[in-house]
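Engineer: Chain order of the listed sequences is A and B.
Residues 1 to 439 in the working numbering are what the first sequence spells out, letter by letter.
Residues 440 to 878 in the working numbering are what the second sequence spells out, letter by letter.
Treat the hints as calculated values from the structure; they're not laboratory data.
Pairs of lysine to any residue residues, derived as SDA-like cross-links and limited to a Cα-Cα distance of at most 20 Å, are as follows:
1) B:K846 with B:K863
2) B:K536 with A:A37
3) B:K491 with A:R48
None of these values were measured; they are calculated from a predicted model.
Single-letter residue listing:
There are 2 protein chains.
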Amino acid sequence: MRLSRYFLPVSKEAPADAAIVSHKLMLRTGMVRQNGAGIYTWLPLGYRVLKKIEQIVREEMDRAGAIELLMPTLQQADLWRESGRYDDYGKEMLRIKDRHDRDMLYGPTNEELITDVFRSYVKSYKQLPLNLYHQQWKFRDEVRPRFGVMRGREFLMKDAYSFDLTEDGARVAYYKMFCAYLNAFSRMGLTAVPMRADTGPIGGELSHEFIILADTGESAVFCDKTLLDMDPPGLDLDFDGDLSGEVEKRTQYYAATEEMHDEAAFAAIPEDRQVSARGIEVGHIFNFGTKYSKPMNAVVQGPDGQMVPVQMGSYGIGVSRLVGGIIEACHDENGIVWPDSVAPFHVGLINMRAGDEACDKACGELYEQLEAAGIDTLYDDTDDRAGAKFARMDLIGLPWQLVIGPKGLEKGIVEVKNRKTGEKVELPFAEVIAKVTPA
Amino acid sequence: MRLSRYFLPVSKEAPADAAIVSHKLMLRTGMVRQNGAGIYTWLPLGYRVLKKIEQIVREEMDRAGAIELLMPTLQQADLWRESGRYDDYGKEMLRIKDRHDRDMLYGPTNEELITDVFRSYVKSYKQLPLNLYHQQWKFRDEVRPRFGVMRGREFLMKDAYSFDLTEDGARVAYYKMFCAYLNAFSRMGLTAVPMRADTGPIGGELSHEFIILADTGESAVFCDKTLLDMDPPGLDLDFDGDLSGEVEKRTQYYAATEEMHDEAAFAAIPEDRQVSARGIEVGHIFNFGTKYSKPMNAVVQGPDGQMVPVQMGSYGIGVSRLVGGIIEACHDENGIVWPDSVAPFHVGLINMRAGDEACDKACGELYEQLEAAGIDTLYDDTDDRAGAKFARMDLIGLPWQLVIGPKGLEKGIVEVKNRKTGEKVELPFAEVIAKVTPA
Chain A
1 MRLSRYFLPV SKEAPADAAI VSHKLMLRTG MVRQNGAGIY TWLPLGYRVL KKIEQIVREE
61 MDRAGAIELL MPTLQQADLW RESGRYDDYG KEMLRIKDRH DRDMLYGPTN EELITDVFRS
121 YVKSYKQLPL NLYHQQWKFR DEVRPRFGVM RGREFLMKDA YSFDLTEDGA RVAYYKMFCA
181 YLNAFSRMGL TAVPMRADTG PIGGELSHEF IILADTGESA VFCDKTLLDM DPPGLDLDFD
241 GDLSGEVEKR TQYYAATEEM HDEAAFAAIP EDRQVSARGI EVGHIFNFGT KYSKPMNAVV
301 QGPDGQMVPV QMGSYGIGVS RLVGGIIEAC HDENGIVWPD SVAPFHVGLI NMRAGDEACD
361 KACGELYEQL EAAGIDTLYD DTDDRAGAKF ARMDLIGLPW QLVIGPKGLE KGIVEVKNRK
421 TGEKVELPFA EVIAKVTPA
Chain B
440 MRLSRYFLPV SKEAPADAAI VSHKLMLRTG MVRQNGAGIY TWLPLGYRVL KKIEQIVREE
500 MDRAGAIELL MPTLQQADLW RESGRYDDYG KEMLRIKDRH DRDMLYGPTN EELITDVFRS
560 YVKSYKQLPL NLYHQQWKFR DEVRPRFGVM RGREFLMKDA YSFDLTEDGA RVAYYKMFCA
620 YLNAFSRMGL TAVPMRADTG PIGGELSHEF IILADTGESA VFCDKTLLDM DPPGLDLDFD
680 GDLSGEVEKR TQYYAATEEM HDEAAFAAIP EDRQVSARGI EVGHIFNFGT KYSKPMNAVV
740 QGPDGQMVPV QMGSYGIGVS RLVGGIIEAC HDENGIVWPD SVAPFHVGLI NMRAGDEACD
800 KACGELYEQL EAAGIDTLYD DTDDRAGAKF ARMDLIGLPW QLVIGPKGLE KGIVEVKNRK
860 TGEKVELPFA EVIAKVTPA
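Using the sequences provided together with the hints, build the complete structure.
Structural biologist: Set out below in structure tokens:
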């Protein structure tokens, strides 16, 4: 993409009302624009990151055997009356009346709707196990939306729902998501720690939050350092195999959010492994048995002919929140430092003297070669000052910067800078693409 | 995807309340489920088609130089008070109050919001031309939603918005979208005819609807047959070049919807070229000048230093509606006949005797080869009867069917059926992939 044709409204100043670094940087880099309290437009740069995260989540859900569909944003209130949550949910639920005065709502979550889809079609244990997911916008009418996309009102969530005949089956489904989550977050460059969690208003017995550590985290968290050093299960994991080992390998170590914290258990960890930090919740998984299937009569016939309520779990990932979460974890004093996998572009190409025939030609050719090699490139072909170009490129944090100017051209070289390490090397044109190609 | 692990709730009977063939087929094939009047869940098969259409639209918008972002579904009422449309829009606009009693609405379209984004950042003609688009769910509270996804209340629309300094510039932007639309619809296997249209509530002077012909179309349309036989501009079109020839080549021929129909002009066409038919609107483009930029004060500085309201246009494609539209245009008595480009899977592989060791092995190997070749395959590994498998595969309309059974295996062959032509050939295993690989 040529910057002269792109829409990248960066600004020099941090807006006064942004309290945390990710919010500041997302506004400064023109990733989002607020349209109302907790409601954002995803500007082109931000939208690219959002799509990359969404795609990683999709691939890891698919790998774990979940099947994608899409439920609508608006729902009928009647379904929520069946589950009993319509009155319970409180003011966070955005309640709406349509022109025929029917009670509707903007879905804050989808347990009721997916249970209704399920019971309409699935009648036999032979159709199980099943895990259905979607990535759809939700609305929760927070009293005080804040921290940019970290606590917005309209937000993008991936929510998966598992259906099994037995409790053991439901546990297997839970383990699959547990492992898929670790892989997904790892692919985004994050170390997410599963922490035993309170089950809250969704209810149920088994539940973990996935927390990334960041100074600006919303809550205090406590864990064994061993968990931070552990590799994810890996993309070659056999999801049809026994996953209990992968889960127990982690759950044997202490990890808890503030609400679930046990001082004595934490004190029993060797002192050099006690991590006390702030954390950001990026995922949450629940096993809640028959909490919804019973009142909503989602029953299946078992092998013995008996009809039983289906065992369910739900599994959320905060897709739009992750954009902020990744920035909290990946930035320096000059701006964002994107992990390769979610960077809006992989390379930033800087033309030091736009308008100069030789520079334009060399840049144009390299730009075409990069695009032909499938490397997403933002080509700064503007006539801004060199200093402004460098600062902007650092600010938006693309993994690689390629700088072409008259001096380098005389020597036939390109300056290649790695945004994360700051390392700069001069390379002949022919070696540039190999250098910046992702492993 | 193995059917035994998929979620494909097909049904034998056409539901009584479905009035048109696409709605019937979408319900029978388990593509969508209605969750309320005009509100649908996109089940896995339907969602795959929706995503393919969305991706074609994205690629053709990008090719024409438009830039993708994402605006939220909910908007502040105040923006619509600025443009004057808040009171004008009527009951089709879903009006909402949040917990702080602020007036909001579920966006039926986005002229106001994009104008607000634009005026926040763009101050100079040097930042123009600009075309920003998104693909987002909209809500229009129709009195009588009907025809399935063809006239739903919650629907997915691609809407692009162009910004130019001058009327001439705006015309160039309009021409780009005109050509991009023809390419996009052509890629979906559709012949869309641009018809001069009434500008309606969006206002403005220059406007075309893009109409596909189908017996169940919502309105009568009239055109010169020449338009139906014309090739699209083509994917190698230079969007930076002069596109007026491409546009005039088409607009010189008569084409009009009922509202704009001119009997005398139509009668002047040679009789064998007079087409009088029913049509479905799948796209609509408008040039509306300063209708929104003036009241909302979206002004840019021109080369002479004067501030002038920006010239705008908007360009819609009914993405979710197209799923129904394509089925209306592409089906036979046995079910859907998907064009390759939007088919949910490219190949359906039928195991005639699931459980038979040789059949399972041969099917499993071919399935893996197809997936490795990047060919999306639905593998029917269920133990349903052969007749049921054939009927289901015809119903869901994948372009190719591969049938493997004990008899064929003895001869080392696979039966390959083309869903559209009905042609069946027997091929050795080694030749199957080449046969079904898209050109």
